[in-house]
Amino acid sequence: MARTVAAFKVDHFQFLGPDGKLLDNQHVPSLARDFERLRELYKLMVLTRTFDKKAIALQRTGKLGTYASSLGHEAAHVAIGAAMQDEDCFAPMYREYGAQFYRGVKMSEVLMYWGGDERGNDFSQPKHDFAWCVPIATQCLHAAGAAMAFKLKKEPRVAVSVVGDGGSSKGDFLEAINAASAWKLPLVLVVVNNQWAISVPRSKQNTAATLAQKGIAGGLPSIQVDGNDLIACLWAMDKAVKAARDGKGAFVIEMMTYRLSDHTTADDARRYRPKEEVDEAWEKEPLLRLRKYLISQDAWDDGQEEELTNECVEFVQQAADEYLDLVANDPQPVTAMFDYMFAELPHDLAEQRAYSEKYPEDGGHH
Amino acid sequence: MARTVAAFKVDHFQFLGPDGKLLDNQHVPSLARDFERLRELYKLMVLTRTFDKKAIALQRTGKLGTYASSLGHEAAHVAIGAAMQDEDCFAPMYREYGAQFYRGVKMSEVLMYWGGDERGNDFSQPKHDFAWCVPIATQCLHAAGAAMAFKLKKEPRVAVSVVGDGGSSKGDFLEAINAASAWKLPLVLVVVNNQWAISVPRSKQNTAATLAQKGIAGGLPSIQVDGNDLIACLWAMDKAVKAARDGKGAFVIEMMTYRLSDHTTADDARRYRPKEEVDEAWEKEPLLRLRKYLISQDAWDDGQEEELTNECVEFVQQAADEYLDLVANDPQPVTAMFDYMFAELPHDLAEQRAYSEKYPEDGGHH
Amino acid sequence: MAQITLIEGITLALARAMEEDDSVIVLGEDVGVNGGVFRATAGLQSRFGDERVIDTPLAEVMIAGMSVGMAAQGIKPVAEAQFCGFTMPMVDHLMCHAGRMRNRTRGRLSCPMVLRFPSGGGIHAPEHHSESPEALYAHMPGIRVVIPSSPSRAYGLLLAAIRDPDPVVFMEPKRIYRWQREEVIDDGEELPLDVCYTLRDGNDLTLVTWGAMIKETLQAADELEKQGISVEVIDVATISPLDMDTIYESASRTGRCVIIQEAPRHCSVASEIAAGLADAGIWNLHAPVKRVCGYDTVMPLYRNEMKYMPSVRRIVDAAQQVLEVS
Amino acid sequence: MAQITLIEGITLALARAMEEDDSVIVLGEDVGVNGGVFRATAGLQSRFGDERVIDTPLAEVMIAGMSVGMAAQGIKPVAEAQFCGFTMPMVDHLMCHAGRMRNRTRGRLSCPMVLRFPSGGGIHAPEHHSESPEALYAHMPGIRVVIPSSPSRAYGLLLAAIRDPDPVVFMEPKRIYRWQREEVIDDGEELPLDVCYTLRDGNDLTLVTWGAMIKETLQAADELEKQGISVEVIDVATISPLDMDTIYESASRTGRCVIIQEAPRHCSVASEIAAGLADAGIWNLHAPVKRVCGYDTVMPLYRNEMKYMPSVRRIVDAAQQVLEVS
Ligand SMILES: Cc1ncc(C[n+]2csc(CCOP(=O)(O)OP(=O)(O)O)c2C)c(N)n1
Ligand SMILES: Cc1ncc(C[n+]2csc(CCOP(=O)(O)OP(=O)(O)O)c2C)c(N)n1
Ligand SMILES: [Mg+2]
Ligand SMILES: [Mg+2]
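Residue numbers (our numbering), protein chains in the order written: chain G, 1 to 366; chain H, 367 to 732; chain A, 733 to 1058; chain F, 1059 to 1384.
The following block holds chain G by itself, in its conformation from the complex (with noise of 0.2 Å):
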């Protein structure tokens, strides 16, 4: 005899088309008529685009070290950004510079970092997120700790974090997930599809027809949406931060995107990924359809067009060489890597510290 004891779903949102249109008039979400703040977010995916490239072009002439690049995720990334408070925290993987660059975080910051130099870390602002995380999914935990420290002290903070379609396959998610079930934590877990870890299509990590069902397993909400459409994914995200903050517990939302360039600039993705798949998925990147939306609606123009690239080529420019200057001139001496391990340099570090004085040039910069 059966009862059926749990039924779930999981929902698909889409607001904006390839083409810049709004797929149902009647139930668009009303910041699809907020444009003031498109604008501003179509800004700021443009500049990231624009920084992307920047960094790509240090790497290539030696001067950066592996890049991870953002191309195609900027709606995701941005939307990210912008449905945050500041005092809400945020655990990064590598490459959601769109959510920092609105959180505050610099971009010579983002160069510091790929450029070796662990100062990149230290984020102008904010103050509390979380640094780049390289143990993928990591992260998941670090924000699930954050959530329940801000749950502890009852302050009204979101803790958000990123994973990608290889990321979700570890059991760090799966754990996140579990916590944020057992503890209703203000916790938001984005899966950011991009449909590759590295060589390793989507459909290799597991045959689940979507990411977000594993929000299910923890009876979380889980929805997906169109990660090239800024409207749903920042739509998804206010509502998940509202009810997070609102003490609803946590989220997961899958934003389906592509990751349109090489994994990081140490990949060749045209040695595994066929040119049709990538060019198909230039069709529905997401900064071409706001730019179209944005000018069918009167809110945006050619000339600002032009005016903006200008300035985002001037403002990545400046960042560049802030980085570089610092990195020439004002490099971190060998005893830097002693002075931040501790609050308080313990005897042995200090002997090995004091040793390391005498081969401050040894095996320099290679």
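Please note: incorrect hints may appear among the correct ones.
Just so you have them, the derived chain A footprint on chain G, three or more residues with Cβ under 8 Å [said to hold, decoys possible]:
hint : region
1    : 118 to 125
2    : 135 to 143
3    : 149 to 160
4    : 173 to 187
5    : 345 to 353
Everything labelled a hint here was simulated from the structure, so no lab data went into it. Small disclaimer: the values here were computed from a predicted structure and weren't measured. Ideal placement from N, C-alpha and C gives every residue a C-beta, glycine not left out.
Following the hints, position chains H, A and F with the ligands against chain G.
Here is chains H, A and F with the ligands on its own, set in the frame of chain G:
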């Protein structure tokens, strides 16, 4: 604009009520009429419970180490064993004696293990099953590995693993679900939900309606059964094992039961668990209802019950004697800790082994 | 003043730390109503509430990862792992995050967390309950490792660990949880996290150990004293950073040193101490530095566990070997 | 015969092992079409099919746990972890299962798996890509640890590791993946998993190292030779079990030993070797045993990574210190 991209449900199955009556005569599986099989399994359930009592008595009298009781889990465990073929592979946690006895593990081996002697893990049968696994949920991935091996070797074999309500929170369990999904593994994952993880109640593991729904994270068919109803447990296991063997992939089954005992002999559940809850659980325990059912179907009677009781006591006593004799008269020498570390003893261990022979009695059994 | 056991010293320090700092919380499996499987957190939940003494789901990665997250955001988590063997899934968050948070962010964020757990063998426990993994944690940069061996040191060192602004792995020698009673004054006095304790002065030989092995080591010292040998016994207590100065000083006086540990030998804490002696300490040594350790094998199930661990006789024999050298 | 690099030696050994034994499979992230992020498995999938060269989901616990399961059930998995830092989640299954399977079951089951991964710093990689965690693995009972440092040793040792009936952690010094070319004959000849290699004979001083540090160590030896010092250089290669006999023999001839490693010093492999010398080797030492190591800090991001690692000058200085002693 929303469209539903995935929908799921978790069904609960029960055939036999606590009163020993079938809940719905129209929908019972045919195995409810296979009295020979049910009788055989009933006997094993009684034997398992008899063993349990003996093991606890041995522990209480200082003849056995910490022991994890299976009291109340007999239907779930025996059904797991009964649904498997010899060549299938079982990856137990630590209290699934009913399943193991069905598969051929000797009672004296169980006692050896909890009696602190590795030889208990050298099952006389089945040679390929995994040993007891104390680090919770890790066994799920070993089973996934076994299932992968069978798949790669194109052998029609199935791997089965068990995890508790507590263990279902661990990433290992969820990574096993994900692996099963990615490769369509011939794997059955059983959550034996006995409502407690030592002192932590099910409600603290997470707030999801079921634990079965963790399978949805990987898109696996996921069901819940009354874990005190042997017929439901066996029906579900048969179905899952068959699907796995037929190349249809993995299954998650949550068996709802209750830990009628302390967690282990090192635990005192009265500290954290209301007596009423335990009393109530006794009303639903698995043996009585199956006995009532069999009696009601003229498939069992009091005379047989008495005979069975005597047989079980005698059988268990023999196992206990065998165990006590072995550890008393044929203990493992100190060198036994070296001899199975590697196929061939490396030089450093050979040296340490020789040294250890100088201290054969040191620090003996204390 | 009450005479208390080592584990009671732990409980006392936990209560004290929670009393004096609202941001201190305790979390782990069964730490709440049950008070921990060894009763280390007994009574804390009823005293401080279930928002400060938190039963967690059964998920060690989560406990470690969330502790890192909380610690970076203003809470001071004191996480309990139920047994040493179950800390292995936590290694990732300790190594890759707890020990790096401050350094990674140039001090912007930090990770003032404690991970405490019962360690070592000898209580007839099942598999995976009896390991001594201190070397793994001591090898990780950015992590302090502490192992108390008396009620008062348990109290003082745990207080210090909780107050410390950086992550501390606090390993509790479960075999001696209830071995000795000692008067411990609950005055909130902490002990330094970087010094050894000389438990017994002597001139002929230095025995260096920590954790539950101080039991056999002190017994061995007794036996040796009966043979007229003057033995110094050092309890390392703080494994990382290691107070080698105290050990150098003693070994340079006695010229002879034996190190005793329960853990396997290969790449261990005993090896680290011996290596220090082979370098800065070598001129004053009159004999080889011996290590008496658990074998480089899996810790056996309980019937043979005491055979695995250094016995008094093994310690005495090693001592005599180094004493024979003239 | 082709002159090949170290990483090509790896690929050659993988292909050979898969050719000769159908039960050998390769699995890991990006090992298939992509051939691994360093191209160690390049060409294997097209040659052996995607049932034997398997791209996995991104889940290290799963890779380790399933490898244990497969290995116990008749498959010989050669798992790749993408970088050293990402092996930390695998520690649990290695320590608690791979190293214990045979012992736990008294030989009924075993665990013939290999976990191979690029290790060490020096290639300008991001955070967590540059650690040298060999001491963690070497401390675990039941696990062999191997680090090749030349194309031919990579080939011979990996073949042996794959054929070995027990678990092997095989760490590849990525900094020298393409440093030197050497003629390697693909004859299926394996090398023993328990011996050191003497790369250079000498009488005044023994330098002991492994992995990528052989580069700086050989350079230091050159410099010292120019100063008229005869230097013996030993490549340990097999970290566990450790061939101390070769090291004792050399150090007893030269009386002086410096150990060089990239990893932090505390409780490390260098410490183990020094500890051995402090015991069985002590009578023949004429000078303190020095360890030149990575600092006991987090491996810095790439701009300072070479400052973290032992430099030629640091090695030469340590050598001169021990040579000054008479
Ligand atoms: C735990 C861990 N394993 C492996 C890696 C190496 N690695 C870096 S990025 C990456 C793929 C990530 O894919 P996904 O999660 O989809 O995120 P994306 O890069 O596509 O945004 C891998 C395997 C890592 N950083 N961390
Ligand atoms: C990884 C791990 N963490 C902690 C423990 C200690 N421990 C043993 S049993 C148990 C509770 C298990 O509860 P559950 O998974 O529900 O299984 P049950 O014992 O109820 O059958 C705990 C915490 C363990 N064995 N393994
Ligand atoms: Mg991706
Ligand atoms: Mg349970």
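Hint check:
1. 118 to 125: holds (count 5)
2. 135 to 143: Answer holds; 6 residues pass the 8 Å Cβ test.
3. 149 to 160: This one holds; 5 residues, not fewer than the three required, reach chain A with a Cβ under 8 Å.
4. 173 to 187: Since 5 is at least three, the answer is holds.
5. 345 to 353: As far as the region 345 to 353 of chain G goes, the hint holds, because 4 residues have Cβ atoms under 8 Å from chain A.
Hint compliance for this structure: every hint is met.
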